[in-house]
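Chain by chain, the residues run as shown.
Protein chains: 2
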Amino acid sequence: MLTQSAITEYPRLYKAEPGNLPSISVPMAFPRNAEIFAEGERAGYVYKVVSGVVRVSQLLPDGRRQISAFHLPGDMFGFELDDLHHATAEAIVPTKLVAFKWQTLTGTSASANVVRELLNRTMMGLRHTQDHLLLLGRKNALERLAAFLLEMAGRLGGKTVLELAMPRHDIADYLGLTLETVSRMFAELKEMGTIRLESSRRVHLLDAGKLKAMAA
Amino acid sequence: MLTQSAITEYPRLYKAEPGNLPSISVPMAFPRNAEIFAEGERAGYVYKVVSGVVRVSQLLPDGRRQISAFHLPGDMFGFELDDLHHATAEAIVPTKLVAFKWQTLTGTSASANVVRELLNRTMMGLRHTQDHLLLLGRKNALERLAAFLLEMAGRLGGKTVLELAMPRHDIADYLGLTLETVSRMFAELKEMGTIRLESSRRVHLLDAGKLKAMAA
DNA sequence: CGCTGTTTTGATTTAATTCAAGCATAGTGG
DNA sequence: CCACTATGCTTGAATTAAATCAAAACAGCG
Numbered sequence: 001m002l003t004q005s006a007i008t009e010y011p012r013l014y015k016a017e018p019g020n021l022p023s024i025s026v027p028m029a030f031p032r033n034a035e036i037f038a039e040g041e042r043a044g045y046v047y048k049v050v051s052g053v054v055r056v057s058q059l060l061p062d063g064r065r066q067i068s069a070f071h072l073p074g075d076m077f078g079f080e081l082d083d084l085h086h087a088t089a090e091a092i093v094p095t096k097l098v099a100f101k102w103q104t105l106t107g108t109s110a111s112a113n114v115v116r117e118l119l120n121r122t123m124m125g126l127r128h129t130q131d132h133l134l135l136l137g138r139k140n141a142l143e144r145l146a147a148f149l150l151e152m153a154g155r156l157g158g159k160t161v162l163e164l165a166m167p168r169h170d171i172a173d174y175l176g177l178t179l180e181t182v183s184r185m186f187a188e189l190k191e192m193g194t195i196r197l198e199s200s201r202r203v204h205l206l207d208a209g210k211l212k213a214m215a216a
Numbered sequence: 001m002l003t004q005s006a007i008t009e010y011p012r013l014y015k016a017e018p019g020n021l022p023s024i025s026v027p028m029a030f031p032r033n034a035e036i037f038a039e040g041e042r043a044g045y046v047y048k049v050v051s052g053v054v055r056v057s058q059l060l061p062d063g064r065r066q067i068s069a070f071h072l073p074g075d076m077f078g079f080e081l082d083d084l085h086h087a088t089a090e091a092i093v094p095t096k097l098v099a100f101k102w103q104t105l106t107g108t109s110a111s112a113n114v115v116r117e118l119l120n121r122t123m124m125g126l127r128h129t130q131d132h133l134l135l136l137g138r139k140n141a142l143e144r145l146a147a148f149l150l151e152m153a154g155r156l157g158g159k160t161v162l163e164l165a166m167p168r169h170d171i172a173d174y175l176g177l178t179l180e181t182v183s184r185m186f187a188e189l190k191e192m193g194t195i196r197l198e199s200s201r202r203v204h205l206l207d208a209g210k211l212k213a214m215a216a
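Note that the protein sequences, when read in sequence, are chains S and W. 216 is the number that this note's numbering gives to position 216 of the first sequence; each next residue is one higher, with no gaps. 17 is the number that this note's numbering gives to position 17 of the second sequence; each next residue is one higher, with no gaps.
One thing to keep in mind: the hints can contain errors.
If you want a taste of the chain W side facing chain S, the calculated C-beta under 10 Å gives, among others [to be verified]:
hint, residue
1, Pro61
2, Gln66
3, Met123
4, Leu134
5, Arg138
6, Glu143
Hints are computed from structural coordinates only; laboratory data are not their basis. Cβ atoms here follow ideal geometry from the backbone N, Cα and C, with glycine treated the same way.
Full structure from sequences and hints, please.
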């Protein structure tokens, strides 16, 4: 609906710790594997990725993990219904974010366009999550990996070679599989001639059409 | 955030066909199994359940189906990013809805409170869907059914006996299982003494605590 | 070069699916 | 009132896709 983002802010050039956030827009940097927020923590800010990659996940008491999304530059995350985080967010690689106070964005003095954009972004998240439900509920391992590679290729601008930021274990927890199964499906796609692995993280898509057909 | 819904409308007392909807709020009635909208159809309205139960689902080309949500009275559904429906909605039992034109609710002359409420409801949907990702990606069949029964009990007001509107097949497509597995898990819960089946649709929760422990 | 963490590959097990009957329950009409 | 049909549910036996368990290979990095 809005072509130009109303929530594009130029980060101010002073440092701030999370937990001590001023009200407008705060730049933050996280090293590899750093926690951005954890399930159960007090919420109140939403985050926009400037650079890097973020994983958002939920845990079961026994340690089983489900990653609900990977966030790339331009994405926003951290939206919460109440004042507690319901999921954990971590930087997969060194990551720069900007934090916005939710109250400021949505309070009574907030711009109607900003609220509409937040609605739009939340709906994008809902759409993505619903598509992912179909993947987790009804697709087999090969279909899941094919869909994942196409999703990443799409998000990274339709390139034919993609650099995956995340390890096999994260891909597995995103796709509801084990890392061994993910590895086997990579091997299977390779044998079928639809991908080439330059390294375990650098994937060439040799036949996007075949992948699309497989992703069901 | 809003305790009292800003989108509570008293249905007007005239009949209207879907596809020919006036701009404010239109009551509609659907018989059992009637389609409310289908994947690929033109969107533009959101719906609020007055009575009955609605299932929202997505299909794969070969017929595999994933139900993303069951909607009960008071729920709203039909939110779409663009102007096409991305899922199918059907009445599970005879159902009454009110339709609202999306443009009217969110356009430039819309009330800020209404937009905030839509944001809030979309975030509720997102939260629900993320929890469901964890269920589909990481829980076993017994945990899924236990979680489902608790969810339904919660939505129906914490009663100890619940009347399920949907057949086993719909429960299966919601939980990412087959109907046979769902039936077997009902039997298992029965053997464990956590539920009693008065009929296949009328379930008594005998030990909600044990169910909660099992739902993981 | 030798850790450390990650990925691949292999053998085996298992949870859930698939295939196949049988059983209820509720309507319908003779 | 009772067969008759349709629909939905349960149960059993066999199969299978993915998980688990177990090593080995690989890739960085200090």
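Double-check proline 61 of chain W for me: the hint is only fine if its C-beta lies closer than 10 Å to a C-beta in chain S. 7 Å, holds
Can glutamate 143 of chain W be said to touch chain S, with a Cβ gap under 10 Å? 9 Å, holds
Hint check, methionine 123 of chain W versus chain S [nearest Cβ-Cβ separation less than 10 Å]: Constraint on methionine 123 of chain W satisfied, holds at 5 Å.
Given hint leucine 134 of chain W near chain S, where the shortest CB pair must fall under 10 Å: 4 Å, holds
Hey, does the glutamine 66 of chain W contact hint survive, CB to chain S under 10 Å? It holds, given that the least Cβ distance between glutamine 66 of chain W and chain S is near 4 Å, below 10 Å.
Please check whether arginine 138 of chain W passes as an interface residue: C-beta within 10 Å of a C-beta belonging to chain S. Hint holds; arginine 138 of chain W Cβ to chain S Cβ min 4 Å, cut 10 Å.
Violated hints are absent here; each numbered hint is respected by the structure.
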